[in-house]
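Student: The opening position of the sequence shown corresponds to residue 1 in my numbering, with each subsequent residue numbered one higher.
Since the hints were made in silico from the structure, they are not lab data.
Note that beta-carbon positions come from the ideal geometry of N, C-alpha and C, so glycine has one too.
It is possible that part of the hints are untrue.
[Stated by the list, open to error] In silico lysine-lysine, DSSO-like type, Cα no more than 30 Å apart, as pairs: (1) K564 <-> K521; (2) K434 <-> K479; (3) K430 <-> K517; (4) K507 <-> K521; (5) K481 <-> K507; (6) K377 <-> K354; (7) K507 <-> K517; (8) K430 <-> K481.
[What the hints assert, rightly or not] FRET-style restraints, in silico, Cβ to Cβ: (9) E395 <-> K448: 22 to 32 Å; (10) V171 <-> E442: 27 to 37 Å; (11) T459 <-> I44: 21 to 31 Å.
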Amino acid sequence: MAEMSNEGANSAAGIDLSQFFQVFFEEAGENLQAMEQMLLELDIAAADDEALNAIFRCAHSVKGGAATFGFTDVAELTHQMEALLDKLRRHELAPTTQMVDVLLTAGDALKALLSCHQGTGADAPDTAELKLTIKSLCTGGPVDTAGRPTVAAVAHTAPAAARAVAAASRVLELTVGALADTSLADSLVELFDEIEGLGKIEPLDAGRGADGMRRFKITTTSSDNDLLDLFTFHVPREAVTLQAIGPGYGFYGGAPGAPAATVAAEPSYGFFDDAPGAPGSSGTSSRSGTSGTSGTSGTSGAAGTSGSNADKAAPLPAIDLPAKPAALKPAPTRAEGKVAAALESATLRVSVEKVDQLINLVGELVITQAMLAQNSKGLEGGLSQQMTAGLADLERNTRDLQEAVMSIRMIPMAMVFNRFARMRRDLAAKLGKKVELVTLGESTELDKGMVEKITDPLTHLVRNSCDHGIELPAERAAKGKPEHGTLTLAASHQGGSIVIEVRDDGKGLNRQALIDKAREKGIDAPDSMTDHEVWRLIFAPGFSTAEVVTDVSGRGVGMDVVMKNITALGGSVDIDSAEGYG
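Please build the complete structure, drawing on both the sequences and the hints.
Tutor: Printed below as a string of structure tokens:
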């Protein structure tokens, strides 16, 4: 099991970051989920700049948090993803299906790494090949059918990448203070020791601060924002000042080596206001927490492995953007709005145990209210009238409170349906089919506990539709159908129950084939059976019409599991089909 490698250093520095671990894991999970959803929705033929920027921001947020807590494996992989996404959003590369596949695979690897660090996963996956693949895609190099970059491509691009990192190195003066305890600044030195590739730090005051101030010289390829994110977990942000004392290389407007043409040419991508590309911008924006410098919006900085590691392929530069000025707040873009909606839905994090405790307390309150109503029947006269009026108010308020508390556990079906977009894509690619996913009734709400239990049955139904239902494109074309099959997931309220439908426009069920297969299995299947009775044969244990067992289907356990799980929830499963129509 992986260790939280930076924990010891933080403890030694007197900084307890354990309280932030859970917040980081939750936010990282939300960012990865949002990134996956946007990748699945990305139009390869006409990629939306807003969507690419939003995906980039998700990766950048995960990288920043991972670097803060010392999860270098997560930070290094997200850095490579940033490099590819940066080239895509700058239109230096055109998006391809292979790029989306690799980014989705990288997202899966990040989830596994985070689970490992959290202590809930197995051994950490090896991401070396994945990082090489992303690097090769960044340089436009070929990647073989197994998803591995060719040796020649890596060997050829590594020196160029190393030169890019070396060229982007900067020398900064870091001033920290005034601090009541100047030894807190020593924890910053430990950061550079713990995080590979962060750079070098040297004290300029021989370890002795005057008037609570400490000064350091930093040589790094990381951006100011990344450094500030790291530093402010150890010292207050307002006590940190970064100032360039070497060539700017385009990072700072007016610094040596900053070409003026770059400032005018780079668009802001809508990330912040006072940036090139924003209406009325001046071409520069002040960077929070820095002094004496201003960062241009469109330039990129490299982060990751140090340029001194000549035996390793150095990562490509990443884009790190300054924070928005508080004075101007433009309307969020469409893609950023999707990310915001995904993250804001979990703004208030409350454990399920606390919600259940609150529900139990409300239940006790309802019982107490009923007891008071029963005992008040013996009262007479005006006292009885006053008590009756008060109990009526109490009953109404208790009922409203109970409904409000119960609604806390309700989540929309969109949370369930969104999981199948990735499954649909992967299954379609594996089976050589073209499948479109349509969802209806996403706002229909269901209890959280119920949602967790219906996900597995729905997974089997979706796999079944993709594998057995929807035909191959050539077969569909021969039948006069469009090459793209349609898989529909729908949820609705009907008569006090939640009805969830899984529909496809595939070949449907073959009555005679089902009867023949049932007889092979020793199941009584007379010809006089109604269509409905024949359709329900597929729920028999071990029943499958697949000729070959694959990793997708064929073992005859899927539909049996669906029936058992839904029945255990007090529900029922029904099936209808028309041969040739789904």
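Student: State for each hint whether it applies.
Tutor: Hints and how they fare:
no., hint, verdict
1, K564 <-> K521, "holds (20 Å)"
2, K434 <-> K479, "holds (15 Å)"
3, K430 <-> K517, "holds (26 Å)"
4, K507 <-> K521, "holds (23 Å)"
5, K481 <-> K507, "holds (10 Å)"
6, K377 <-> K354, "violated (36 Å)"
7, K507 <-> K517, "holds (18 Å)"
8, K430 <-> K481, "holds (21 Å)"
9, E395 <-> K448: 22 to 32 Å, "holds (27 Å)"
10, V171 <-> E442: 27 to 37 Å, "violated (52 Å)"
11, T459 <-> I44: 21 to 31 Å, "holds (26 Å)"
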